[in-house]
Structures are given as structure tokens and as C-alpha cells.
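Participant: Using the sequences plus the hints, can you model the full thing?
2 protein chains.
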Amino acid sequence: MFTDSTRAVFDGKNFGTVATLNADGSPHTSVVWVRLDGDDVLFSTLRGRKKDRNLARDQRVSITVVDHENPYHYVEVRGSVTIQDDPAGELIQELSQKYFGKPWKHDEGRIIVRISPEHVYERGAH
Amino acid sequence: MFTDSTRAVFDGKNFGTVATLNADGSPHTSVVWVRLDGDDVLFSTLRGRKKDRNLARDQRVSITVVDHENPYHYVEVRGSVTIQDDPAGELIQELSQKYFGKPWKHDEGRIIVRISPEHVYERGAH
Numbered sequence: 001m002f003t004d005s006t007r008a009v010f011d012g013k014n015f016g017t018v019a020t021l022n023a024d025g026s027p028h029t030s031v032v033w034v035r036l037d038g039d040d041v042l043f044s045t046l047r048g049r050k051k052d053r054n055l056a057r058d059q060r061v062s063i064t065v066v067d068h069e070n071p072y073h074y075v076e077v078r079g080s081v082t083i084q085d086d087p088a089g090e091l092i093q094e095l096s097q098k099y100f101g102k103p104w105k106h107d108e109g110r111i112i113v114r115i116s117p118e119h120v121y122e123r124g125a126h
Numbered sequence: 001m002f003t004d005s006t007r008a009v010f011d012g013k014n015f016g017t018v019a020t021l022n023a024d025g026s027p028h029t030s031v032v033w034v035r036l037d038g039d040d041v042l043f044s045t046l047r048g049r050k051k052d053r054n055l056a057r058d059q060r061v062s063i064t065v066v067d068h069e070n071p072y073h074y075v076e077v078r079g080s081v082t083i084q085d086d087p088a089g090e091l092i093q094e095l096s097q098k099y100f101g102k103p104w105k106h107d108e109g110r111i112i113v114r115i116s117p118e119h120v121y122e123r124g125a126h
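These protein sequence lines are chains Y and W, in that order.
Note that the working numbering has the first sequence beginning at 1, numbered continuously upward.
Note that the working numbering has the second sequence beginning at 1, numbered continuously upward.
No lab work stands behind these hints, which were simulated from the structure alone.
There could be a bad hint or two in this list.
When chains are identical, the list treats them as one kind, so a pair holds in a single copy or across two.
Heads up, simulated EDC-like pairs for lysine to aspartate or glutamate below, C-alpha to C-alpha not over 20 angstroms straight-line [to be verified]:
(1) K102 / D11
(2) K50 / E118
(3) K50 / E122
(4) K105 / E94
(5) K13 / D85
(6) K98 / D58
(7) K98 / D86
(8) K13 / D107
(9) K102 / D24
(10) K98 / D37
(11) K105 / D4
(12) K13 / D40
(13) K102 / D86
(14) K13 / D39
(15) K98 / D40
Note that the structure is a prediction, hence the values are computed from the model and not measured.
Facilitator: As C-alpha cells, then:
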């Protein structure tokens with residue numbers, strides 16, 4: 001599903017902006033840390049956050065990840081999510097090391113959001 | 001509506017990710033150049049692009065702009081858009097100078113998308 005240059009965008013310390021749907025169907029966007037797991041895209045959030053409340057109603061998302069070194073190179077992934085609890089915060093700890101180089105504070109209610117891509121669009125690859 | 005630090009994010013060479021709604025109500029995201037005009041957010045696109053087709057059906061958007069110097073600092077603006085033709089490409093030329101330092105190629109069908117903010121959320125300001 002992903003080309004090498006698409007994978008490189010996800011493997012770098014690049015931020016994603018994820019769009020979910022509010023109760024009235026309007027879009028919401030926020031910034032997330034991401035990584036790939038095979039051909040799925042993973043990010044972490046907390047139970048009760050707007051993203052989580054939105055995804056409980058409607059599982060459809062779009063995420064765009066921009067290459068920090070070359071912002072004209074970006075990837076959009078659209079698909080639906082599944083959510084699992086992450087009580088030990090394994091994903092957020094891993095992402096914190098990737099982006100931040102240090103552990104994340106422990107917080108309650110961590111979840112893993114897994115996007116199964118249905119559509120991948122890449123622009124600006126070399 | 002905007003604080004000084006919010007304005008600074010828009011005034012910098014920072015990219016926005018804008019979410020619009022597809023025909024089936026699912027979200028679409030893509031990367032845009034932006035600037036403020038008073039308390040409105042402006043970006044440029046072309047007639048017939050997915051963003052334009054989506055906005056013709058549903059005017060609701062969410063845009064997140066990330067501070068390139070500090071990606072933990074970002075702003076989300078939600079609101080509705082109005083669209084006007086920009087046959088001379090005035091906005092794209094201005095944005096090309098801002099981000100690129102050189103003129104944009106002339107292309108037909110340029111439009112200006114104006115977001116009237118209804119909700120502004122800023123995270124990570126100093």
C-alpha cells in the first residue's frame with residue numbers, strides 16, 4: 001500500500017494532522033505523533049478527548065503528514081479506525097522516544113487509534 | 001478573535017492542513033499556504049480541485065496550522081467558507097512570494113477561499 005517515500009514520511013519525526021467528524025458532521029483537526037505498523041497508521045490519544053468522542057460516533061478519518069524537511073512533500077491517508085486500550089501507554093512511550101527522545105509522563109486512559117488505509121495520496125515525492 | 005501568538009503562526013511561513021467534507025461526509029485533508037485578512041483565514045485553490053468540489057457542497061472546514069519552528073505550537077480554526085474568483089491569481093502570487101520568494105506560474109481558475117472563524121483553538125503557545 002505504501003511506497004518507500006511514503007514510508008519515509010511516516011518514519012521521520014513528522015507531525016500528522018488528523019481530521020475527525022464532530023457530532024454535527026463538521027470536521028475537526030488536530031496534530032498527532034504517528035508511526036506505521038505494517039500498512040496501518042497508528043496514533044495515541046486519551047479517552048474522552050474530542051478525537052476519541054468523535055471516533056466513537058464515526059470511524060472515518062483523514063490524516064495528512066508533512067515532511068518537515070520538505071513541506072511540499074506530504075501524504076494523505078484516508079480510512080477507518082479501530083481503537084484499543086493502551087493502559088501501560090506503550091504507544092505513547094514509543095512515540096515520545098521517537099519525537100522527543102525521552103519518556104512520556106504516565107497518564108490514564110491512553111488508547112491506540114489504528115487507521116486501516118483505504119486511500120493513500122502522496123504529493124511532492126522526489 | 002486572534003491573539004498575537006495565533007497571528008504569528010499565520011504570519012510565519014507555516015503550512016496549513018485543511019479538512020473538507022467528501023460527498024459521503026467523510027473528511028479529506030490537504031496542505032495549503034495561508035494568510036490572515038483581518039480575522040479571516042485565506043487560502044488559494046483551483047476550480048475543480050477536490051477541495052473546491054467539496055466546499056461547493058458543504059462550506060464547513062477545519063484548518064490546523066503548525067509552527068514550523070516549534071511543532072508543539074499549533075492553531076486550529078473551524079468555520080465556514082465563502083469563495084470568490086481570482087482570475088489574476090492575486091492571492092496565489094502573494095502567497096508564493098511569502099513561502100517561496102518567487103512568482104507562481106499563471107494558472108487558470110484560481111479562487112480565493114475565505115474562512116470566517118467560528119472557533120479558534122491554540123495549543124503550545126509560549
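Participant: The structure should be examined with respect to each hint, and the outcome stated for every one.
Facilitator: We went through each hint and held it up to the structure:
1. For the homomeric pair K102 and D11, the shortest alpha-carbon distance inside one copy (17 angstroms) is at most 20 angstroms, but the shortest distance between copies (31 angstroms) is not.
2. In this assembly of identical chains, K50 and E118 lie within 20 angstroms of each other by CA distance solely across copies; the values are 17 angstroms between and 23 angstroms within a copy.
3. For the identical chains of this complex, K50 and E122 are inter-copy neighbours only, at 15 angstroms across copies versus 27 angstroms inside a copy, given an alpha-carbon limit of 20 angstroms.
4. Only within a single protomer do K105 and E94 lie at most 20 angstroms apart by alpha-carbon distance; the minimum there is 12 angstroms, versus 43 angstroms between protomers.
5. In this homomeric assembly, K13 and D85 never come within 20 angstroms of each other (Cα to Cα): the closest approach is 24 angstroms inside a single copy and 38 angstroms across copies.
6. Taking the shortest alpha-carbon separations for K98 and D58, neither the intra-copy value of 29 angstroms nor the inter-copy value of 38 angstroms comes in at or below 20 angstroms.
7. Proximity of K98 and D86 under a CA criterion of 20 angstroms is satisfied intra-copy only: 18 angstroms inside one chain copy versus 43 angstroms between copies.
8. Taking CA atoms no more than 20 angstroms apart as the test, K13 paired with D107 passes in neither setting, with 22 angstroms inside one copy and 34 angstroms between copies.
9. Proximity of K102 to D24 under the C-alpha cut-off of 20 angstroms is found in neither arrangement, the shortest distances being 38 angstroms within a copy and 41 angstroms between copies.
10. Only within a single protomer do K98 and D37 lie at most 20 angstroms apart by alpha-carbon distance; the minimum there is 14 angstroms, versus 37 angstroms between protomers.
11. In this assembly of identical chains, K105 and D4 lie within 20 angstroms of each other by CA distance neither inside one copy nor across copies; the values are 33 angstroms within and 30 angstroms between.
12. Taking the closest pair of Cα atoms, K13 and D40 come within 20 angstroms of each other only inside a single copy of the chain (17 angstroms); across copies the shortest separation is 31 angstroms, beyond that limit.
13. Taking CA atoms no more than 20 angstroms apart as the test, K102 paired with D86 passes inside one copy only; the shortest distance there is 19 angstroms, against 48 angstroms between copies.
14. In this homomeric assembly, K13 and D39 come within 20 angstroms of each other (Cα to Cα) only inside a single copy, at 18 angstroms, whereas the closest approach across copies is 32 angstroms.
15. When the C-alpha separation of K98 and D40 is checked against a cutoff of 20 angstroms, the pair qualifies only within one copy, where the shortest distance is 18 angstroms, while the shortest distance between copies is 36 angstroms.
Hint check: violations occur at hints 5, 6, 8, 9, 11; the rest are consistent with the structure.
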